[in-house]
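Student: Chain by chain, the residues:
There are 2 protein chains.
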Amino acid sequence: MMKVTEIKSLIGTVGGLKVEFTPFLNRELPEPLYSQLYQWIKKEIEDDRLLPGMKMPSIRQLTTHLKVSRNTVESAYQQLQAEGYLESIAKSGIWVAEIEKPSLQPEDKIHAVKSDCKPSSNVVVDFEYGNVDLDKFPVKQWKKCLTDAVDQENNWLFEYGEKQGEFELRREIANYLLQSRGVRCKPEQIVITSGTQSSIALICRLLELREEHVAMEEPGYSGVRTVFEDQGCYIEPVPLEKDGLSMEHIQSSRVKAVYVTPSHQFPIGMVLSISKRIQLLKWAYQTGGYIIEDDYDSEFRYRGQPIPSLKSLDEEENVIYLGTFSKSFLPSVRLSYIVLPPSLMIQYSQKSKDYNQSVSPIIQRAMSLFIQSGEFERHIRRMRKLYQRKHQALLKSIEEQMGTKVEIVGEKSGLHILLKVKGVKGSELIENGLEKGVKVYSPSRFWMNPNAKRNSYIMLGFGGLSIEDIEKGVGILASCLP
Amino acid sequence: MMKVTEIKSLIGTVGGLKVEFTPFLNRELPEPLYSQLYQWIKKEIEDDRLLPGMKMPSIRQLTTHLKVSRNTVESAYQQLQAEGYLESIAKSGIWVAEIEKPSLQPEDKIHAVKSDCKPSSNVVVDFEYGNVDLDKFPVKQWKKCLTDAVDQENNWLFEYGEKQGEFELRREIANYLLQSRGVRCKPEQIVITSGTQSSIALICRLLELREEHVAMEEPGYSGVRTVFEDQGCYIEPVPLEKDGLSMEHIQSSRVKAVYVTPSHQFPIGMVLSISKRIQLLKWAYQTGGYIIEDDYDSEFRYRGQPIPSLKSLDEEENVIYLGTFSKSFLPSVRLSYIVLPPSLMIQYSQKSKDYNQSVSPIIQRAMSLFIQSGEFERHIRRMRKLYQRKHQALLKSIEEQMGTKVEIVGEKSGLHILLKVKGVKGSELIENGLEKGVKVYSPSRFWMNPNAKRNSYIMLGFGGLSIEDIEKGVGILASCLP
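Chains as they are written, first to last, in UniProt numbering: chain A, 1 to 482; chain B, 1 to 482.
I should point out that these hints are in silico values taken from the structure, not numbers from a laboratory. Be a bit skeptical, because a hint or two may be false.
Any copy will do: because identical chains look the same in the list, a pair fits if it lies in one copy or spans two.
Straight line, CA to CA, 30 Å or less: simulated DSS-like cross-link-like pairs of lysine-lysine [to be verified]: (1) 385 / 256; (2) 276 / 43; (3) 163 / 351; (4) 256 / 351; (5) 144 / 327; (6) 163 / 353; (7) 136 / 425.
Being a predicted model, the structure only gives us computed values, none of them experimental.
Given these sequences and hints, build the entire structure.
Tutor: Okay, structure coming up:
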């Protein structure tokens, strides 16, 4: 019945192993070719005919052998990579990945896309960035705030909530910012968002940044860069100097806004110097440009006083301040905020009047109860001490076990460090570490310029790890160094 | 009262310059000494008493002179260096750095802008659309789900959550959609969003709709139209006929996507006929266009069987289905979802890999527990009956008290109705009603074309009102008619 038009064979090899490729691809099926190819390879992997560690034929090889378009092979490979069946290793090729088999295998043409590729192998210590500590978290108090919020005079439960965010929470944030960050603002200037990415999207709309140039530190937070790009901005990557982004670069550019992380540059870690802060403000005042200050982890500074925010120096309302509860509280509350200069409030109310608030008022009100009760401040103090101990343990382990083979980059704050490794490529260290059960990360996605010398860096997040695991992990990693 | 224990003087020199150090350090203040020292030096620099290019006393010198610990001086210097006030030059010493001063603009000029203008007058009955009923809401069960969610094996609390949304919730939604809306889909196709507006923004990115034409019913949901416009789409308003949007109009257009509310046109209320549904699908298959089906309130249909979704007829994966918990559960959960066709999953995973999920996993997991427990289904059944009674009471009151002076527009479903008023302008009736304490709304913002004959309509939402209030409100409104 069905005419099978494509039966091809290709030999792929890894080491001494030979693997035969004979996918049945039928152009007359409604299912597109890439999908058939994807299904076939997936099945080969699931049935253990293609084994972890085998190298796949290159896209070019497979394109030629199957007489299909490059697109077909690329799409199939991309899907398989997205789902974790294949792994692409730079300058090495595409490999069959180590996977755990799911228990159920229903026949189905739906391409299950795994959004998060969690390590499926035997990872013992995972230096993933973004996780926070769970041992000291006041679960009981937080649950009480959640239920107390629902128990409050609760008409608001049945409404969409204030567009700008619940007033109670904005008031608590305004108090907090004044005390801890030197930011003077009214609740009326604060907008609640469901994360820094949502904050950026809102700012793009507010400042009408489409088709405009926006400066970002290079390297910088890729999650923010993606949003700017998706909103139609042109990114100007600004090189970093020892004391932060190059002001000459900014001054000679025609950017309308600059996104910066002055308290703790992400991911490198320096502090923007006071003279550059002032130059940056002057630039903004002279050109009418805006500074978007992302103060993502300023709560966790382990030596000296907290660095005052750039916003606290702003006297002409050109700094838009971004904060988040993801680091200081829980990533899973998905709660961030923007402090807008008063001069932007009219535009804000015009451009946002048709938008509903996207954070559940339940979460917002629970958070404001949590802050009101003093629990938030206690939590931050507790966590600062805890993270400080972890940070010290990490630095000490690295010094003791890795010595001069690595260099620790950046300031003494935050929930991650960068290491510059010597005598071996970062990617090799990452691979070798993984084999021994330690997961560290490449910060390469934070560079916009693909030619940047970034391959010597590895990134270690430590927020979610115990001191024991930190020491163990560094020990294993050290054993992977030449 | 306070005993000043440390008044020291130290002469630092640079070149020929002499500088006197007389910091007041008070051990009895709660502020630590290093911080006092830091503050003092900072002020000296800011007030031009310590000038750029001056060499600071060494740590050792200052320690001895101030009779404080080395740590105190070190910490103060480190902080000042981190902030760029001082500069350490290897083998030379510590120097006051070159900084530029911002120009001063002292007076506080915060323009408080209130975003939500709630009526402050004596409104007795408010027919606002969007609110839901609060009397029958299972507050206790919902609170239990919130705390149970936090109590679950809760590592996820300390992470950002699955980018696509928590798997548990997506699985519950897939089951629910199959049973109640005839939509066959896998959890892998579902994306959780923080509201229909977020869903639309995601779809714009996914389908690359910037600079593309998108069709919308005229009138249609303005909250969605705004998002399309803000994402750079050109809106084609499509006139409505008795059985839904004009297919001729669609067929002669060059739109890439059509946004429709087939089960219950918003705000007019008709159902898209089966023949138009099929024509619309055919149009999509032939042109490769996409249909965005917003099934916002399909749970509440009071006569006959539920209208099957348009998605349930889609055989070639051209319908993107949107659902929400805002009507069926609570607006304040800010929880909506998209069902993507499998063929779009590759694009989705490519274009969304850098985006964090914006809905708190706490809310998502509570919701999935609520559905799992059967409470959600019970809640919908209960609400459907309740809303049906309210709907009947509303229609009956209108018939009895307003008679032929108005015409009820639209199908017998949902949480709002439109009235076409005769002999008086809608806007006048709204004004006169407000004077007597009844708030009804103009649906005019739902029309894109300002010349549309929309001034004869008024809109009444009834979800959040009691039957008593409904009758009272209609009575007062009737007394405003000529």
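Student: Against this structure, judge whether each hint is valid.
Tutor: So, going through the hints one by one against the coordinates:
Taking identical chains as interchangeable, the C-alpha atoms of residue 385 and residue 256 are never at most 30 Å apart, the minima being 39 Å within one chain and 55 Å between chains. Proximity of residue 276 and residue 43 under a CA criterion of 30 Å is satisfied inter-copy only: 18 Å between copies versus 57 Å inside one chain copy. For a Cα distance limit of 30 Å, the shortest separation of residue 163 from residue 351 qualifies both inside one copy, at 12 Å, and across copies, at 28 Å. Proximity of residue 256 and residue 351 under a CA criterion of 30 Å is satisfied in both settings, with 19 Å inside one chain copy and 26 Å between copies.
Taking the shortest alpha-carbon separations for residue 144 and residue 327, both the intra-copy value of 21 Å and the inter-copy value of 27 Å come in at or below 30 Å. Taking the shortest alpha-carbon separations for residue 163 and residue 353, both the intra-copy value of 8 Å and the inter-copy value of 28 Å come in at or below 30 Å. Within a single copy, residue 136 and residue 425 get their C-alpha atoms no closer than 36 Å, and across copies no closer than 63 Å, so neither meets the 30 Å cut-off.
Violated hints, listed in ascending order, are 1, 7; each of the other numbered hints is respected by the structure.
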